Amino acid sequence: MILAQPCAGQAAPRAAGELAWTIGYDPKTFDPAKVDDQESELVRYLTAGVLLRFNRSTQKIEPKLAESWNLSSDGRTLTFQLRSGLQFSDGSALTSRDAAWSIRRVLLPATGAPVAQEFLSPGGVTVETPDDQTVVVRLPQRVIGIGKVFDEIAIEPAGHPSEGRITAGPFVVADYRRSQYVRLRRNAHYQERDAAGTALPYAAGVRLDILDNPEQEARLFQRGEYDIINGLPPDYFELLKRRLPSSVRDLGPSLNTEQMWFNQASSSPLPAWEKTWFQNRDFRVAVSQAIHRADLARIAYEGHATPAYSFISPANRAWYDSGISAPHEDVAAAEAKLASVGFHLRGSILEDASGRAVRFSILTNAGNAARLKMATLIQQDLAALGMQVTVVALDFPALIERLMHTQDYQACLLGLENVDPDPNAMINIWLSSSPNHQWSPSEKTPATPWEAEIDRAMNQQAGTSNEAQRKLAVDRVQQIVADQQPFIYLVYPNALYAVSPRLRGAQPTVLEPGLVWNIERLRLQEAR
Amino acid sequence: MTFAHLARWLLTGLVLFAFVVLLVSRNSYSNQDRESPLAGASVLHPAGTDALGRDRLVRAAFALLLSTGGAVTASAVTTAAAAGVGTLAAFGPASVGWLAMLVCDVFLALPWLFLLMMVRSALPLTTSPANSAAITFLVLAALGWPACARAVYRGALGLRKAEWALQARAGGLRSGQTFRYALPNLLSLLLPQFLISIPAFVIAEANLGALGLGIGEPLPSWGGMLLELDNSALLVQTRWVYLPVALLILMLLLLEALVAEV
Amino acid sequence: MKLVGDLLKRFTRMLAIVLLVVIGSTVLVRFAPGYFSDVREMDPRYARSARAELSVESARSNAIIPLLSAEVGGWLRGNAGISRQYDVPVLDLILPRLAVTGSLMLRSIALAWTLALCASLLSSAGPHPSLLWQMPATLLLAIPTAAMATMCLLAGSGGPVLVMSLLLAARDFKFLDRILRKTWLDPHLLYARTQGIGVTRLIRAHILPSIASQLSALATLSIVTALGALAPVEVIFNVPGVGQLAWSAALNRDLPVLLTVTMLMALAVTFAGVISDRPAEWKNA
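Here the protein sequences line up with chains A, B and C, keeping their order.
Quick note: UniProt numbering has the first sequence finishing at residue 528, numbered continuously throughout.
Quick note: UniProt numbering has the second sequence finishing at residue 262, numbered continuously throughout.
Quick note: UniProt numbering has the third sequence finishing at residue 285, numbered continuously throughout.
Same shape as in the complex, but just chain A (with noise of 0.2 Å):
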């Protein structure tokens, strides 16, 4: 009898017509208002009714419980004309007057929203409701890709938030267990239809197992117990790939980056020598130099990478430039520039102008496989120029206490995830004074002239909605930092997926949420 159990408590069984896939971790909260987590953010995606939404593959704003959209020519008015006998999931009408209440709750202060701070100032913003259908948006000042802040904004029955129990999108919250799933329920009251006129979601609904296990993922995906894997790691697709050749997807970069990058913090509790080196340019472009790119994503990939120059992948072919010139690999060029700036080989150890043995440490965090495996490559690859480099993976709090707030790391490895292909949505990264400016987080003033440089730029592409003038600015970026290397990229990990040889309608895109973007338009083959 104990012999025979099922392999674990999970995968709950199967109702009728319900996709099924499995998220990381419990979504923090469901009140789609509030999400700042990744997980809730696919709550929100699938539950929520949304007056815009952005297309993950035409990469373009669509009009959805809007019937249409218009933005004036100053960039600060949005008039939204809703379309006529809109329903929430319970059946009542949704008005104007709902949009407008959704929407100011979001840009009240007291709800804590995260998409708020996309306003800009959302103190300023105020919305105005002329009849049933109509809801008027007045901005204080332009903001870049205001259409897409509306892909995250649910509305919600006017006066009666619930936490994605009642919503005007593909499907409700209907049940939660904690840290076992999340299930969906189809809306009966969507108004979406397909070119046939048959009522959408196709799904009778979606059940999220929360786990984090690929293999056991793995191993239920093959039985038929998942229909998806999203983020498949390669080890795994290639795994799949022998089971069931027809179910791997890899559609190239995407467009997250892997990077790595010196802490150039002055106020970082480091040595004085030690800062001097991380902030030379000379050095920080040698240890570019050295590393084999290819080999990273070959080895550390399985070959499902491709190696990186720059922060905007070749998946976002908007804003992606091919014109950019970044130190490639080149062990000669990298040992000479070293040895310009006073760097030389005692024995097999480099030593610094004063003689100090070039020994630093590569933090990354644990339970990664693809990144440790980097950090060893790389390792490797240093010491062919006499670096001595320590490999130390930590657990994700302990690594962002260094990384945030005592600033007591050498060099660090770890990737970032690109949701919006628009680079405004980095500019928090590049701008000297965020504190996400990694490399230097919240400087007061920028601490070098080419970060003022990139202030500036970053800053021009933010101001204005001349798209030419914009993607100059983003190039001028990319160069600074191609020649600059605060960040040294490594690889554009691919975009993975497997999808159940049983599953119609996926039409897989690099942007998240990856295969489900189109959920309305997913199902399931009849068992014959």
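If you're looking for bench data, these hints aren't it; they were derived computationally from the structure.
Every value quoted in this text rests on a predicted model; they were computed, and no experiment measured them.
Hints may be right or wrong, so weigh each one.
Stated by the list, open to error - Derived pair list, reagent style SDA-like, types lysine to any residue, alpha-carbon separation capped at 25 Å:
id	chain 1	residue 1	chain 2	residue 2
1	C	K182	B	A7
2	A	K373	B	N31
3	A	K28	C	P240
4	C	K9	C	V274
5	A	K148	A	E467
Claimed, not checked - Covered stretches of chain A, going by a simulated chain B footprint (3 or more residues, C-beta under 8 Å):
id	region
6	352–362
7	442–452
Unchecked claim - Only some residues are given here: those of chain C computed to face chain B with a beta carbon under 7 Å:
id	residue
8	R178
9	L215
10	A217
Even for Gly, the Cβ is constructed at its ideal location relative to N, Cα and C.
With chain A fixed as given, assemble chains B and C onto it according to the hints.
Chains B and C in isolation, oriented as in the chain A frame:
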């Protein structure tokens, strides 16, 4: 020629073989043959290569020496500590026993994970892999004794009340002296504890890698190689991932045979 | 009267242990690196709300004494405080999980002891070292829990109870085999065997009683080992038990949950001590 003799020779042979492999092989434990990761057996790599193209045989041999040294020492220290605390508590005054067991119980319930994190944050990040390994085994030894000490205390208390001990005390032997005769009787608790702790420490060392402790790259960690077994994606690629666990079992069985007659 | 005094003594001891454990774990968790950091700080989208939550936490737990009294106050109010990661009362989190973990523990310990006793009775009667029995036990000790779980997944059968009981059985077997082997060689047993007394009767009437006190010593060890294995087994098999909760609480530095879990640990450990103390006292009486 008894089993124990045979086991002794085989164990020595195993260790010698590991040394010979390290001396003879043209590969070093850290050298990455990047053209052939996860390769099968070849002339150059008799046991294939790992995920980064490093020679598996050399790494296994090195890890065998390194991790065995660490784990056996740690295991011996922790078993000795358990024996010391347990018997002292049982043969000493009742209040000492009470206090020692109180400490044991508190020790067993505390979340030591966080102490390990503190140890890591107190060490400089550039601590060399070898030092980090030594510190890890030291910490494991320091944290491993209370459960066993409790069992030893229980067993020793039984002995103390056994007839021969009562007789000995009646005959004028001080409790410190009885303790010396009691120890052999506790071997049936201590020896298995010693043997069990070895693989437990080997694996624990690898698990501590997640906290930044343990044997750092590029030094080979035996536990780290054992943990590869949980990745079924790796298991289908090469059979040589089973080599470390096979060696560990062999070594444990030989140790078992070696101490069988004690 | 003696009974009441004894109970009172035990109760004081338990209270002292719980108190020490609470203080000790508060200090450990609070001063471990990463108490005031959150992985979302790295993500510009979520950084602001993560920082807001952290500043609340830092106001709450900056000084250790008020923090301790707040935590103890949580228990006095009857909800054991509010979980930092889930923002719900700790008791609501733990109570539904206790049954799951309790049943997992009981079933695996029972199965492990049955397995270990049977195996060691058979093995100790044979020649030494009996490879037939030592080999599987050693194998189980040398394979990491996660690898065992993977094997279960690959085989498509076996669950947390199986893995946990095998884990425990292998350990218990190593002790029992040795203890029994010694017992078989006891003079009175040798004598009894020469008299032709049946093996089952020997085991029942001589062996089991004579090793009872050693078995009770083993019980503590076994329960403590089971407690230690709980978190990894539950995490790997995704069992919604206390061990899984404790693991995620450790990763999220969720002090209220961790305190309650360590308190439960302390109770379980003292309870294990009580079990192993009992038979010895009966014997003395």
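Hints and how they fare:
Taking the CA atoms of K182/C and A7/B, the gap is near 21 Å; set against the 25 Å cutoff, the hint holds. Annotation: proposed proximity of K373/A to N31/B holds, straight-line Cα distance about 14 Å (limit 25 Å). Of the pairs offered as hints, the one joining K28/A and P240/C holds, with about 18 Å between alpha carbons and a cut-off of 25 Å not exceeded. For the hint linking K9/C to V274/C, the alpha-carbon distance of about 12 Å falls within 25 Å, and the restraint holds.
Pair hint K148/A plus E467/A holds up; C-alpha atoms about 16 Å apart against a cutoff of 25 Å. Three residues within the 8 Å Cβ limit are the bar, and the region 352–362 of chain A against chain B gives 3, so the coverage statement holds. Here the region 442–452 of chain A counts 0 residues with a CB under 8 Å from a CB of chain B, which misses the bar of 3, and the coverage is violated. With its C-beta approaching chain B no nearer than about 4 Å, R178/C sits inside the 7 Å limit, and its interface hint holds.
This hint is violated: L215/C has a C-beta 10 Å from the nearest C-beta of chain B, more than the 7 Å allowed. With a cut of 7 Å, the hint placing A217/C at the interface with chain B holds, because the nearest CB-to-CB distance is about 3 Å.
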